[in-house]
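Going down the list, the sequences are from chains V and U.
If you count the first sequence from 1, position 51 lands on 51 in our numbering, and the numbers rise without skipping.
If you count the second sequence from 1, position 94 lands on 94 in our numbering, and the numbers rise without skipping.
Calculated directly from the structure, the hints in this document are not laboratory data.
Among the clues, some could well be false.
Restraint-style ranges between C-beta atoms, simulated for each label pair [unchecked claim]: (1) 67(V) x 118(U): 47 to 53 angstroms; (2) 114(U) x 91(V): 22 to 28 angstroms; (3) 4(U) x 95(V): 16 to 22 angstroms; (4) 153(U) x 3(V): 19 to 25 angstroms; (5) 102(U) x 98(V): 32 to 38 angstroms; (6) 91(V) x 93(U): 29 to 35 angstroms; (7) 152(U) x 98(V): 18 to 24 angstroms; (8) 67(V) x 102(U): 34 to 40 angstroms.
Partial list, derived from the structure: chain V residues whose beta carbon lies under 10 angstroms from chain U [to be verified]: (9) 19; (10) 21; (11) 36; (12) 60; (13) 63; (14) 75; (15) 80; (16) 95; (17) 97; (18) 99.
Now the stretches of chain V that chain U is said to cover, found in silico as 3 or more residues with beta-carbon under 8 angstroms [as the list claims (entries may be wrong)]: (19) 1 to 11; (20) 26 to 35; (21) 43 to 55; (22) 64 to 74; (23) 84 to 94.
From a predicted model like this one, the values you see are computed outputs, not experimental measurements.
A virtual CB, placed ideally from N, CA and C, is assigned to each residue, including glycine.
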Amino acid sequence: MIPLSYFLVFAAALFSIGLYGVLARRNAIAILMGVELMLNAVNINLVAFWRYITPTQIAGQAFAVMVFAVAAAEVAVGLALVISIYRRRNTVVADDIDLLKF
Amino acid sequence: MTALQIIFLITAVITLGAAAMVVITRNLVHAALWLIMTFFGISVLYVLLNAGFLAVAQVVIYIGAISILMIFAIMLTRRVQQDFGPQTNAAWPWALVIAAALFGGLIWIFSGWGNFFTQAPVMGERADPLRQLGMALVSPEQYVIPFEVASVMLTAALIGAIMVAWERK
């Protein structure tokens, strides 16, 4: 049987890869992809804890469903912002969109 | 090594490799395709965790909707960053250091936890997680309010996305 540690190590690695993508990529759409990877890692953890620690309560799966909804909303609004910025500024590079930085 | 462990390890290696390709590949369309492969691997892991509904929802929502939306956005904003210029910003070594430190820290915290190597408890014959999940999402004692708030939030997000992306004449 698979011990819980396999899933936790996998989710930690996936979260770290997503974090690297968010911090290092220049393209705004690539940053959103990194966020998706991080949300998926969190979901794996939620479901693994449900299965291994509290299998009689369904809270882990219910939270995972909420994370699905939040991820869908986030990517819809994020991509709309990217397309709107591309239309006005003709760029999708996050470094060039820094007017709010000060 | 049991068969389940071998299946898990193969899936994990493929999924992590695809996730690494998502963050390092230059071509964004390829990154989106690797992202789809990552989502498939995660769906397999949900099956290994006895969460069949989430596995199906992963395929329908992430692969069917979110990845396609990403590909549409990439194609609408193309020819900006095709194959010239660096794809990573100047601080990428720091990003690598932070990601590696986070991974090491998480593993260090987990390894000190007593339940780290716990095995999955046996699911009874009568256990029906799907029915339990469905009841939990609509029962007033459990998660009906977060569920309704999530649906209102999805509606607001979709209307907001249309408003933001609207091309004003």
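Tested hints:
The hint said 47 to 53 angstroms for the Cβ distance between residue 67(V) and residue 118(U), and at roughly 23 angstroms that hint is violated. Between residue 114(U) and residue 91(V), the C-beta spacing of about 51 angstroms breaks the proposed range 22 to 28 angstroms. In this structure the hint that residue 4(U) and residue 95(V) lie 16 to 22 angstroms apart at CB is violated, the actual value being about 45 angstroms. Between residue 153(U) and residue 3(V) the CB atoms are about 36 angstroms apart, so this pair departs from the stated range of 19 to 25 angstroms.
For residue 102(U) paired with residue 98(V), a C-beta distance near 25 angstroms fails the hint of 32 to 38 angstroms. Against the hinted window of 29 to 35 angstroms, the Cβ-Cβ separation of residue 91(V) and residue 93(U) comes to about 24 angstroms, which falls outside the hint. Our hint of 18 to 24 angstroms for residue 152(U) and residue 98(V) is violated, since their Cβ atoms are close to 33 angstroms apart. Distance hint check: the CB atoms of residue 67(V) and residue 102(U) are about 19 angstroms apart, inconsistent with the given range 34 to 40 angstroms.
The closest approach between the C-beta of residue 19(V) and any C-beta of chain U is roughly 5 angstroms, which is under the 10 angstroms cut-off, so the hint is satisfied. Annotation: interface hint on residue 21(V) holds; nearest CB of chain U at approximately 4 angstroms, less than 10 angstroms. Against a cut-off of 10 angstroms between C-beta atoms, the interface hint on residue 36(V) holds, since the closest Cβ of chain U lies about 7 angstroms away. Look at residue 60(V): its Cβ gets to within about 9 angstroms of chain U, closer than 10 angstroms, so that hint holds up.
With a cut of 10 angstroms, the hint placing residue 63(V) at the interface with chain U holds, because the nearest CB-to-CB distance is about 9 angstroms. Taken as an interface hint, residue 75(V) checks out: its beta carbon lies about 5 angstroms from the nearest beta carbon of chain U, inside 10 angstroms. A cut of 10 angstroms between beta carbons decides the hint on residue 80(V): the least distance to chain U is about 4 angstroms, and the hint holds. Of the supplied interface hints, the one on residue 95(V) holds, with its beta-carbon coming within about 6 angstroms of a beta-carbon of chain U, less than 10 angstroms.
Hint on residue 97(V) is violated. Least Cβ distance to chain U is approximately 12 angstroms, over the 10 angstroms limit. This hint is violated: residue 99(V) has a C-beta 17 angstroms from the nearest C-beta of chain U, more than the 10 angstroms allowed. By the rule of at least three residues with a Cβ nearer than 8 angstroms to a Cβ of chain U, the coverage given for the segment 1 to 11 of chain V holds, with 10 such residues. Evaluation of the coverage hint for the segment 26 to 35 of chain V: fulfilled, as 7 residues show C-beta separations to chain U shorter than 8 angstroms, against a requirement of three.
With a cut-off of 8 angstroms between beta carbons, the segment 43 to 55 of chain V has 9 residues touching chain U; three or more are needed, and the interface restraint holds. Counting residues of the segment 64 to 74 of chain V whose CB lies closer than 8 angstroms to any CB of chain U gives 10, so the stated coverage by that chain holds, three being the minimum. Residues of the segment 84 to 94 of chain V lying with their CB closer than 8 angstroms to a CB of chain U number 8, which satisfies the three-residue condition for coverage.
In the structure shown, a violation is registered for the earlier hints numbered 1, 2, 3, 4, 5, 6, 7, 8, 17 and 18, in ascending order.
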